[in-house]
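Heads up: the protein sequence lines correspond to chains A and B, in order.
Numbering follows the numbering used here, with no gaps: position 242 of the first sequence is 242.
Numbering follows the numbering used here, with no gaps: position 291 of the second sequence is 291.
Among the clues, some could well be false.
Sample of chain A residues at the chain B side, in silico, Cβ under 8 angstroms [as the list claims (entries may be wrong)]:
#1 Thr96
#2 Ile215
#3 Ser217
#4 Glu224
Hints were generated in silico from the structure; no laboratory data involved.
Predicted model only: the values in this text are computed from it and were never measured.
By construction, the Cβ of each residue, glycine as well, lies at the ideal position given by its N, Cα and C atoms.
Residue-level listing of the chains:
Protein chains: 2
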Amino acid sequence: MSLLVVGTMAYDSVKTPFGERHLALGGSATYFSMSASFFTKVMLVAVIGDDFAKDHLELLGARGIDMNGVSRLPGCTFHWQGEYGYDLNEAKTLATHLNVLEKFDPNLPESYRGAEYVFLANIDPRLQRKVLDQVKRPRLVACDTMNFWIHSALPELKKTLEMVDILFINEGEARMLANTPNMVKAAREIRSMGPRTLVIKQGEYGALLFHEGEIVSAPAFTLEEVFDPTGAGDTFAGGFMGHVARMGEKELTPALLRQAIVVGSAMASFTVEKFSIDRLKDLERREIAERFRHFKRLTHFEDLTAEA
Amino acid sequence: MSLLVVGTMAYDSVKTPFGERHLALGGSATYFSMSASFFTKVMLVAVIGDDFAKDHLELLGARGIDMNGVSRLPGCTFHWQGEYGYDLNEAKTLATHLNVLEKFDPNLPESYRGAEYVFLANIDPRLQRKVLDQVKRPRLVACDTMNFWIHSALPELKKTLEMVDILFINEGEARMLANTPNMVKAAREIRSMGPRTLVIKQGEYGALLFHEGEIVSAPAFTLEEVFDPTGAGDTFAGGFMGHVARMGEKELTPALLRQAIVVGSAMASFTVEKFSIDRLKDLERREIAERFRHFKRLTHFEDLTAEA
């Protein structure tokens, strides 16, 4: 089933303890699309500047991503500059140049309006709603957000949250949004704002999923070389939503969501192995299935016998 | 099979965002013994002062814990004073009064020397070895340690590590001991110091286990009310080692270790629900089995079909 994503396409300048990369392809919609493209047909909505390289568009095109919704404006592409410390846990933003993103006014091509699955990556909640308003009858709407909007546009964010089925959010931002450190309480509070399903991203510790009375915990894959965590969260969401769209089930069953969170974690574990989308662009379906099995091995344990 | 533990018995004064408790029963050996006593016969080695309450000894006695190895010295019992912030993640130590612990010189009763399983809780690595030297032919030796010994007694700690099969250690301390932020690398480095099996405690995120080529990840139980995290790590180790001793298998198989890490997590999830050992002292086997099943539910997911 078709999966529409709106978000950023960017050039990132990133420094990690293992190296640095200037003007690498990045952005939430880029990572999401690349990841989801392994599972389903992706329709991309974003804005780029006239500096955006043809090679990069071809790279996305090669993965079958529909780019009719990508508009090009005069000026430079959104540019993020960040740095990670020793433990790679949190990015320190050194500079954010919005550039053409300031004039982003998403208008969906007619062919996008029948999208069945929608992911609103982290952008202004007003723009998230503007996109949603143009989709006719989506089966499932998910979104992501960040501290910037929680601080500066909470009423707008809340209006968006009322319209979504699944929220993806970082642990720290969940605490901020719900105003409690406890994840079970935070989940209840956030789910009362709209999303029936909540996915809390915990970085190197994995993710928690809350849905009806269910809680699911998925670890992050234990990697010997985490090279650059940029894009891990959007790659995770891309794998999650891609799997859900691929399966195309009428209902979000617990079994489906349990698989989706592991598919998301598997995809994220590839992204962090290299800079930018370098690992995703050469990835094969065979490797995804293999990593999924590794996750099984990482978390499996036998029931206790009556004796034990 | 019998499980010997050496460690501290203490009075803790603890403040959390939810309340405070003055001179509550605590200490690594106390939490460990209480937890392990649900699974196997525990022999306790520790020192207490003449202020140590009869009620508290009876409480441990009621769980069948052998206290022939507990010696009473003139003076006050070890006293720790700490405080937890908003997110309960890390204790801030306000005061440590060693008191009788300064004169701790463990001498095992004859009846303890045939112990099959041994846990050396976090104390001076010299004392850990002194205890070990008195045990005849242990099948399995585990230990815990902390930043204080890594900083101040590394050569002594390394001598102890050469003699143990399993090390339990906090994530931050593993990074410190191995001098790398990456857990896979840290595990390799630490296992080269002696322990064949390494359990890295990640607090509210659960635990990782490294054994031969295996990695296992177990989440912490998601609780709505985490009241006081004091003792969680030792309770975890108590459940882990208690289960291993109960099963009494000749070899540490991956299947056994996978169960043990979940039993440990289940036990720790009880301890944090109340102050001190308040939750453990009323706990029933039935509740442990039920929580184990909840862990299964928290982490389970189905294999992908060929289609997916």
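Here is how each hint holds up against the structure:
1. Of the supplied interface hints, the one on Thr96 of chain A is violated, with its beta-carbon coming no nearer than about 26 angstroms to a beta-carbon of chain B, more than 8 angstroms.
2. Nearest Cβ of chain B to the Cβ of Ile215 of chain A: about 5 angstroms, under the 8 angstroms cut. The hint holds.
3. Given hint, Ser217 of chain A at the interface with chain B, holds; its Cβ is 4 angstroms from that chain's nearest Cβ, closer than 8 angstroms.
4. Because the closest C-beta pair between Glu224 of chain A and chain B is about 4 angstroms apart, less than 8 angstroms, the hint holds.
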